Amino acid sequence: MTAFWSRFMPFQSRERRREAAERISLEDALKHLYDCERAGRPCTLESLAGSLESSRDSAARLLTTLEGLALVRPEGETFGLTEEGRRSAVRVLRTHRLWEHYLAHRTGAEPASWHPSADRMEHRLTEEETEELDLRLGRPLFDPHGDPIPTREGELPPPRGTPLTRLDAGRSAEVIHVEDEPSEIFETLVAQGFAPGCGVQVLEADAEVLRLRIAGREQVLDTVAAANVTVEPFPAGVSAGEPVRTLADAELGEAVTVSRISPTCQGPNRRRLLDLGVVPGTTITPELSSSGGDPVAYRIRGALIAFRRDQAASIEIVRR
Amino acid sequence: MSLAAEPCRGCDVRAESLVRLGLSPGRWDYLIALAGNPNTGKSTVFNELTGLRQHTGNWPGKTVVRAEGVYSRDGKRVKVVDLPGTYSLQAGSTDEEVARDFVLFGRPDVTIVVVDATQLERNLNLVLQILEITDRVVVCLNLMDEARRHGIAVDPGRLAEELGVPVVPTVARRGDGIPELLEAIDGVASGSIETRPRRIERHAEPVEQVIERLVPMVESIYPNLPNARWVALRLLNADESVEEAFRSGDVGRIAGPDGASAENGDLASSAFGDSGASGAPVLPLRPSDSATAARREVLERASALRWELPRDFHDAVVETVFAAAEGIARKSEERGLRRVKFDLDRRMDLVLTSRWLGFPLMLLILAAVFWITIVGANVPSRLLSVLLIENGRPWLLGLAEAVRFPGWASGLLIDGVYLATAWVVSVMLPPMAIFFPLFTLLEDFGYLPRVAFNLDGMFRRVGAHGKQSLTMCMGFGCNAAGVVATRVIDSPRERLIAIITNNFSLCNGRWPTQILIATIFIGALVPAHLAGLVSAAAVVAVALLGIAAMFAASWLLSRTFLRGEATTFSLELPPYRPPRILQTLYTSVIDRTLIVLWRAVLFAAPAGAVIWLVANVSVGGTPLAGHFISWLNPLGLLIGLNGVILLAYVVAIPANEIVIPTVLMLTVLSAGIAGAGAEAGVMFEPESAYAMGELLRAGGWTLLTAVSLMLFSLLHNPCSTTLYTIYRESGSAKWTTVSALLPLAMGFSVCFAVTRIWHIVVS
Numbered sequence: 035m036t037a038f039w040s041r042f043m044p045f046q047s048r049e050r051r052r053e054a055a056e057r058i059s060l061e062d063a064l065k066h067l068y069d070c071e072r073a074g075r076p077c078t079l080e081s082l083a084g085s086l087e088s089s090r091d092s093a094a095r096l097l098t099t100l101e102g103l104a105l106v107r108p109e110g111e112t113f114g115l116t117e118e119g120r121r122s123a124v125r126v127l128r129t130h131r132l133w134e135h136y137l138a139h140r141t142g143a144e145p146a147s148w149h150p151s152a153d154r155m156e157h158r159l160t161e162e163e164t165e166e167l168d169l170r171l172g173r174p175l176f177d178p179h180g181d182p183i184p185t186r187e188g189e190l191p192p193p194r195g196t197p198l199t200r201l202d203a204g205r206s207a208e209v210i211h212v213e214d215e216p217s218e219i220f221e222t223l224v225a226q227g228f229a230p231g232c233g234v235q236v237l238e239a240d241a242e243v244l245r246l247r248i249a250g251r252e253q254v255l256d257t258v259a260a261a262n263v264t265v266e267p268f269p270a271g272v273s274a275g276e277p278v279r280t281l282a283d284a285e286l287g288e289a290v291t292v293s294r295i296s297p298t299c300q301g302p303n304r305r306r307l308l309d310l311g312v313v314p315g316t317t318i319t320p321e322l323s324s325s326g327g328d329p330v331a332y333r334i335r336g337a338l339i340a341f342r343r344d345q346a347a348s349i350e351i352v353r354r
Numbered sequence: 007m008s009l010a011a012e013p014c015r016g017c018d019v020r021a022e023s024l025v026r027l028g029l030s031p032g033r034w035d036y037l038i039a040l041a042g043n044p045n046t047g048k049s050t051v052f053n054e055l056t057g058l059r060q061h062t063g064n065w066p067g068k069t070v071v072r073a074e075g076v077y078s079r080d081g082k083r084v085k086v087v088d089l090p091g092t093y094s095l096q097a098g099s100t101d102e103e104v105a106r107d108f109v110l111f112g113r114p115d116v117t118i119v120v121v122d123a124t125q126l127e128r129n130l131n132l133v134l135q136i137l138e139i140t141d142r143v144v145v146c147l148n149l150m151d152e153a154r155r156h157g158i159a160v161d162p163g164r165l166a167e168e169l170g171v172p173v174v175p176t177v178a179r180r181g182d183g184i185p186e187l188l189e190a191i192d193g194v195a196s197g198s199i200e201t202r203p204r205r206i207e208r209h210a211e212p213v214e215q216v217i218e219r220l221v222p223m224v225e226s227i228y229p230n231l232p233n234a235r236w237v238a239l240r241l242l243n244a245d246e247s248v249e250e251a252f253r254s255g256d257v258g259r260i261a262g263p264d265g266a267s268a269e270n271g272d273l274a275s276s277a278f279g280d281s282g283a284s285g286a287p288v289l290p291l292r293p294s295d296s297a298t299a300a301r302r303e304v305l306e307r308a309s310a311l312r313w314e315l316p317r318d319f320h321d322a323v324v325e326t327v328f329a330a331a332e333g334i335a336r337k338s339e340e341r342g343l344r345r346v347k348f349d350l351d352r353r354m355d356l357v358l359t360s361r362w363l364g365f366p367l368m369l370l371i372l373a374a375v376f377w378i379t380i381v382g383a384n385v386p387s388r389l390l391s392v393l394l395i396e397n398g399r400p401w402l403l404g405l406a407e408a409v410r411f412p413g414w415a416s417g418l419l420i421d422g423v424y425l426a427t428a429w430v431v432s433v434m435l436p437p438m439a440i441f442f443p444l445f446t447l448l449e450d451f452g453y454l455p456r457v458a459f460n461l462d463g464m465f466r467r468v469g470a471h472g473k474q475s476l477t478m479c480m481g482f483g484c485n486a487a488g489v490v491a492t493r494v495i496d497s498p499r500e501r502l503i504a505i506i507t508n509n510f511s512l513c514n515g516r517w518p519t520q521i522l523i524a525t526i527f528i529g530a531l532v533p534a535h536l537a538g539l540v541s542a543a544a545v546v547a548v549a550l551l552g553i554a555a556m557f558a559a560s561w562l563l564s565r566t567f568l569r570g571e572a573t574t575f576s577l578e579l580p581p582y583r584p585p586r587i588l589q590t591l592y593t594s595v596i597d598r599t600l601i602v603l604w605r606a607v608l609f610a611a612p613a614g615a616v617i618w619l620v621a622n623v624s625v626g627g628t629p630l631a632g633h634f635i636s637w638l639n640p641l642g643l644l645i646g647l648n649g650v651i652l653l654a655y656v657v658a659i660p661a662n663e664i665v666i667p668t669v670l671m672l673t674v675l676s677a678g679i680a681g682a683g684a685e686a687g688v689m690f691e692p693e694s695a696y697a698m699g700e701l702l703r704a705g706g707w708t709l710l711t712a713v714s715l716m717l718f719s720l721l722h723n724p725c726s727t728t729l730y731t732i733y734r735e736s737g738s739a740k741w742t743t744v745s746a747l748l749p750l751a752m753g754f755s756v757c758f759a760v761t762r763i764w765h766i767v768v769s
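Sequence order for the protein chains is A and B. Residue numbers for the first sequence, in our numbering: 35 to 354. Residue numbers for the second sequence, in our numbering: 7 to 769.
Check before you lean on any hint, since a few could be wrong.
Partial list, computed: chain B residues near chain A (C-beta under 7 Å) [stated by the list, open to error]:
no. : residue
1   : 128
2   : 312
3   : 463
Hints in this document: simulated from the structure, not taken from any laboratory. This one's a predicted model, so the numbers in the text were calculated from it and none came from an experiment. The beta-carbon is built from N, C-alpha and C at its ideal position, and this holds for glycine as well.
Using the sequences and the accompanying hints, generate a full structural model.
Structure, rendered in structure tokens:
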């Protein structure tokens, strides 16, 4: 996939750069309008200027251009997307999320770099290139943050889940989406172990902060950050967030059973584990430690296979 | 009823897809595919079937390039295609895609799945996936002897019953069970053995609900499809190839070996019977518009249904298949039959990977390999040199004179092309013919994966893979061979790192240079009785410096150029196997040594011509070489070398072996030293190291020149054989360029720094 990546780093003339900058602002404006529409918020001149971090004047200029292109129509004080405008916005969104999926699953890029990179690529890829990417990735449904990727026809499932801040103290839930903007908050969330598929339990909540348990660790999260996490609550009585034992904690000779592969382990690493037969219910015995202590060789379905410590730590287990 | 080359209906379509799949055209009666997990002895089975001697080794991931062979039985030609070893057919990697596409679109008459009897459960995962695609399968239950040794008994009859296809127990290494395997292949291919493949009946509930909604739609378009559930599942997986085949109507044909199979109970014979004469194909070849629309509708429906699948849909499918594999394994195998009171494998592992003994034992074993190579290669190298250079060359010159060859032609061909080639052969062949078989024996035995296991910690810290330790060791023999060996590294980023840094292993073309220069200049610094020891220490220091440079470059690459590349790790430690010495000798000499040598010769021959030309073509009264040397001299002096050495490295890019002969020739030529060497403008090696030292000192060499040369010989671009190999293996001009420039830049910087410091210290 390296070649694929490098094809999109062209040298541009000044003229091309200016055109590209124009395209970026227009597409970002469309994205904002689309966000408002999905969230059911009104989109105004102020909200657009705020989201693009630009002046009211330039926001107004953008809206005029978009109206001229019949992508946006005024609705009294607010603005809405035309059918064509919505299609364009969804296309940008599709490229953005596909690129994030590509980075997460086919490269070793850091999670924090996914969003900024996708923000650039969403304006650069042509429609054909986006479709090629989609095919090569096997038509993924969700991006690594848990957002659905619109289909080529622009279909999206209805949004689901509730913000983590709405979860009552004591309740547990599954994380289904971690918002990647702003990036500082996203990095904090990733560092605390938030990823789609994780279990989380709210221990205490007030207007300012949430005390919660995720992957067995107690964490404190302010409500601003918590609002960027979408969860689907578990039925009352089911709790999550207990300490998780992983294969890395198992002792030599101790037979353990896999409960699942951690949702943080994605892409080629996850595929490899599945291929080797690491699925819920598989019995694994750590059998041999290398001279340096890492990697360790495990007996899995009759074969002796070595994993590094960080890989073993992504395999969650229960004692037999 | 004739058995034409095309045994099935709609075969022009198959022939077309076979060409697309890269199969060489030819006539055959049956087409057989060989699939299996890595390291199950698949290549051995292939060799037994076809009589070819493909290199096999005791570790996963040997077959990357697909091999083909042909055998004849009862007057029928059978073509065998060896597919890359894969754990599954999910098409997650290139290998898996190649294997899957072949089984699916190549529509082999029989797919043999080679299964490791000691790891039945994991291997059954692949068997079950293949049974979902095709009916015509024979399971080859290999490594039965090893299973027995480990106290595992597998009941082939029971397994066959469970899977619904023939199961043949074999010990392919000894040829046991191969006749029975041939029998079974014939039976399935001709249709005399009927198969009832086991298919996954139910997936996890949420997955099953979606499949059940899609299957009727698929069946409404392709009513005869024997594997509609599998097709539905692949559509839900957005499998590009299957979607395309669905759209074009190919699905009806790829489903079984021929589309009619679902209706006619008797598979192949009927297909042969009306081959080419079928008036009404089961599926219209040119679909009407309404059919196209209906297909598109199903595809759109499948795409919409995907949103209703659980998110870990893929995991759930894998889990179901493994659950089935587990059930089948439980019914057909018994483990722990023999109370193994002394588990040899385990004992050996505990010693060979132990905290205290692991490293020392490894160093001891590797040192022994190198020692045997160096000592053992001396005599044959000398013999070849006498034969090819001291006797061969005068004889050829005499012959040329006898047939009145013009002087320039015999100079170009004999003093240039022949001499360079002879040099490469005599320096390169003996060490490689000793080193590679030894290395292969260790590989065959199963020790090498343990070395990778022990060293992975060190390699992990610089962002590389433990198996790089092995490709590095191979590099000490020959960098080109080391680069080829990186195929065993299955993570893209780590493989690239191993390819690019292999050149830092001092290859056997460079050892002689190191030893010679160290003996002449560094040995001379100490009293005679210490000279041998000190010069040997200097050479070892250079080799260790190479290892340090390899780690540094790996670290640098993984944090800069290769930062974003995908990475994954897993290392299988196969059971130890008693090595087969004779077979190993044979295959490793043929496979590694001769191929590498042949490539080196191809590159050395033209280089010989170039070297002769620069030394013997004059412009303005001075040989070309003289001009080049005076241009390169300032740059050379800047990094402690001289123009002669730089020119030698430029013209000797094809092979490091000829650097020293070229240096000597050019020194004589440029310094105008009379009476040394054979004739002016001809590569040579002097009688003794002492004579050579005198010659070089007369050419202006100092201790600094010697040290700089030793460093530069380690740190410079790979030879052109290696570069070509890098290009082939990485498939990228960019990475080939990086591989050439990175060590060169390091060599220039290090030599420059050493020269600066040297001048400061000396003055």
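These are the hints, each one checked on the structure:
Hint on residue 128 of chain B holds. Least Cβ distance to chain A is approximately 4 Å, under the 7 Å limit. Interface restraint check for residue 312 of chain B: the shortest CB-CB distance to chain A comes to about 6 Å, inside 7 Å, so the restraint holds. Given hint, residue 463 of chain B at the interface with chain A, holds; its Cβ is 3 Å from that chain's nearest Cβ, closer than 7 Å.
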